[in-house]
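With these hints in hand, go ahead and build the complete structure from the sequences.
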Amino acid sequence: MTATHFTEAEVARIRADVAILSRTVRDGKTLVYLDSGATSQKPARVLDAEREWYERFNAAPHRGAHALSEEGTEAYESARSRIAAFIGAQPDEIVFTKNATEAINLVAYAFSNATTGGGGGTGDRFRIGPGDEIVVTEMEHHANLIPWQELARRTGATLRWLSVAEDGRLDLSDLDEVVNERTRVLAFTHQSNVLGTVNPVRELVARAQVVGALTVLDACQSVPHLPLDVRELGVDLLAFSGHKMMGPMGIGALWGRPEVLDAMPVFLTGGSMIETVTMESATYAPVPQKFEAGVPNAAQAIGLAAACDYLADLGMDRVHAHEMMLTERLLAGLAERPWVRVVGPTDTTDRGGAVAFVVEGVHAHDVGQILDDQGIAVRVGHHCAWPLHRKMRAVATTRVSVHVYNTTAEIDAFLEALDRVPEIFGVG
Amino acid sequence: MDLYQELILEHSKRPHGAGLRDPFDAEVHHVNPTCGDEVTVRVHVSGDGTGAVLEDLSFDALGCSISVASTSMMAEEITGQPLSAATTKHAAIKSMLTSKGADPGDEDVIGDAVALAGVAKYPARVKCALLGWMALEDALAQAGHALRTADTTTSQPTTTDHRDAPNSTEGTP
Ligand SMILES: Cc1ncc(COP(=O)(O)O)c(C=O)c1O
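Taken in order, these protein sequences are the chains called X and Y. Everything in the first sequence is counted per this note's numbering, starting at 135 for the first residue and increasing by one. Everything in the second sequence is counted per this note's numbering, starting at 4 for the first residue and increasing by one.
I should point out that these hints are in silico values taken from the structure, not numbers from a laboratory. Possibly wrong hints are sitting among the right ones.
Using 30 Å as the maximum straight-line C-alpha spacing, the simulated DSSO-like pairs for lysine-lysine come out as follows [stated by the list, open to error]:
#: 1; chain 1: Y; residue 1: K124; chain 2: Y; residue 2: K16
#: 2; chain 1: X; residue 1: K163; chain 2: Y; residue 2: K103
#: 3; chain 1: Y; residue 1: K124; chain 2: Y; residue 2: K103
#: 4; chain 1: Y; residue 1: K97; chain 2: Y; residue 2: K16
#: 5; chain 1: Y; residue 1: K16; chain 2: Y; residue 2: K103
#: 6; chain 1: Y; residue 1: K97; chain 2: X; residue 2: K232
#: 7; chain 1: Y; residue 1: K130; chain 2: X; residue 2: K163
#: 8; chain 1: Y; residue 1: K97; chain 2: Y; residue 2: K130
#: 9; chain 1: Y; residue 1: K130; chain 2: Y; residue 2: K16
Listing some non-contacts, in silico: residues in chain X with all C-beta distances to chain Y over 12 Å [stated by the list, open to error]:
#: 10; residue: T164
#: 11; residue: G449
#: 12; residue: D484
#: 13; residue: D506
Partial list, derived from the structure: chain Y residues whose beta carbon lies under 10 Å from chain X [stated by the list, open to error]:
#: 14; residue: A55
#: 15; residue: L65
#: 16; residue: Y125
#: 17; residue: P126
Just so we're clear, the structure is a prediction, and the values are computed from it rather than from any experiment. For glycine and all other residues, C-beta sits at the position ideal for the given N, C-alpha and C.
Right under this line is the structure:
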């Protein structure tokens, strides 16, 4: 049975959980928040969970043996289990980071540490140098591009990429050439934060497996929006951020296959990640502790677990169905406006609810300003994907991105507000 | 909405004196990294010290209406003027744009650019309106004529033109 989108009454209940959605902006206008791709809004349950941590459990997890520390450790580890379950993983396959950016950097630095002999780890798999290749795609967020550029620079490896076709999908015609026996790692996004394109993960993973390359999936824009199971995806490592999935800022995670995490050298070092220490050297704790140096963002981890529970209770299949219903309405509305060019797939096949567009002849900043003046929050600019914008021949785009709390009335309000743009700028 | 006054739309659609010209003493390229606005500014200065005159200011602007209009207004206001006048106008526009609305701007000093007063209420757009002026400051400095108002710049000077970056469009290398 296919899942159904939320009814108006159901969305109203969800919205009642998210206080910020009822505030007004710009002289009393109702806020229409269509920028969840940048960061999502949070339900009371998440805020309560963070507050409860500080009111009941606050102590450094995994340090000390007093009652609070014990309970705090238990709360923190329970958060890890619930977040793991949300993506079909085991608890000790989840490494907490501050966000996806840090998670991806962790992997990139594991490669350089392996190359220079640091960081413990046993993985020849992570050694990389001249003659080796790192592959990304042209649609990556800077968070999944620059860490690899830097890794290539540090190690002498070569950075290559799969290009994006006119329709906003990956051009896989040269997949077998670009991903080849020299490829050590293939890092790509599950869903583009600009185009909305959902990439064919299994096809890419299959090719990477043939050549023995490690796969790293940027799941920042997929974990919050669709039912996902890490084992079905088949990737080796996967990164996401809590704040895009109704969780707090300051918490994210790296998921990895146990044998991969086990062999991977550490990135940040210091307290809590060790097994034994002498003045000369140290040995490191098992996964995931060896990747979690320092006192963790425990309250945020617990907030993220509450967000996972909240989304799981709604049902991710229904969250997805709801967002796709909104996206379909949005795409149909934009298609009726000939002065709009959607940058990305124009139908809902293999795409999510991030929709970027250009109003021909008007800069995205101006489009965003006119929407903002009517209380509508969208993102304008290159959305941390500058090379992609250049490829799609857009200096900047305006991006609408939806989440489970958005309504059809908000999509309609956005479309109506957008019509002010050609009025003011005399185009279209 | 009051931000988009007719004068701003007019300047952004038909920028005053747009297009890069010779001769020039210095050329700079500035970008606004948050949104990708770009401007190239060339200056040609004659004379020295207090007698220095900005003989020509030419530019190529790619960006939002606010950044293009502001650069156009700048060209209109200061091309052919003594550098001392450019300095005064530069300081006046900066003061107006960063005043959060407290300084409404003086038309006698900055001409059409008073139409940009509304930008000061939108912190995210101040950078757009200052882009051309910051590029001017940088170009004059490179030409050996530093403006006296040397505070922080809000845009990032770059030496390469991003539009022509070697890896940007070809796909796999
Ligand atoms: C696809 C994608 N990857 C990575 C990131 C980086 O996320 P964060 O800034 O939370 O680390 C984002 C967020 O904008 C994103 O959309």
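Against the structure, the hints:
1. Y:K124 x Y:K16: 23 Å, holds
2. X:K163 x Y:K103: 21 Å, holds
3. Y:K124 x Y:K103: 5 Å, holds
4. Y:K97 x Y:K16: Given pair K97 (chain Y), K16 (chain Y) holds - Cα atoms ~23 Å apart, limit 30 Å.
5. Y:K16 x Y:K103: Measuring from Cα to Cα gives roughly 26 Å; hence the hint holds.
6. Y:K97 x X:K232: This hinted pair is violated, its Cα atoms lying about 37 Å apart.
7. Y:K130 x X:K163: Holds, because 25 Å separates the two Cα atoms, which is no more than 30 Å.
8. Y:K97 x Y:K130: 10 Å, holds
9. Y:K130 x Y:K16: 20 Å, holds
10. T164: Given that every Cβ of chain Y is farther than 12 Å from that of T164 (chain X), nearest at about 17 Å, it holds.
11. G449: 37 Å, holds
12. D484: 21 Å, holds
13. D506: Label violated. Min Cβ-Cβ 8 Å, cutoff 12 Å.
14. A55: 34 Å, violated
15. L65: At 6 Å from the nearest chain X Cβ, L65 (chain Y) passes the 10 Å test, so the hint holds.
16. Y125: The hint holds - Y125 (chain Y) has a Cβ within 10 Å of chain X, the shortest such distance being about 7 Å.
17. P126: 12 Å, violated
Hints 6, 13, 14, 17, counting from the list given before, are not met by this structure.
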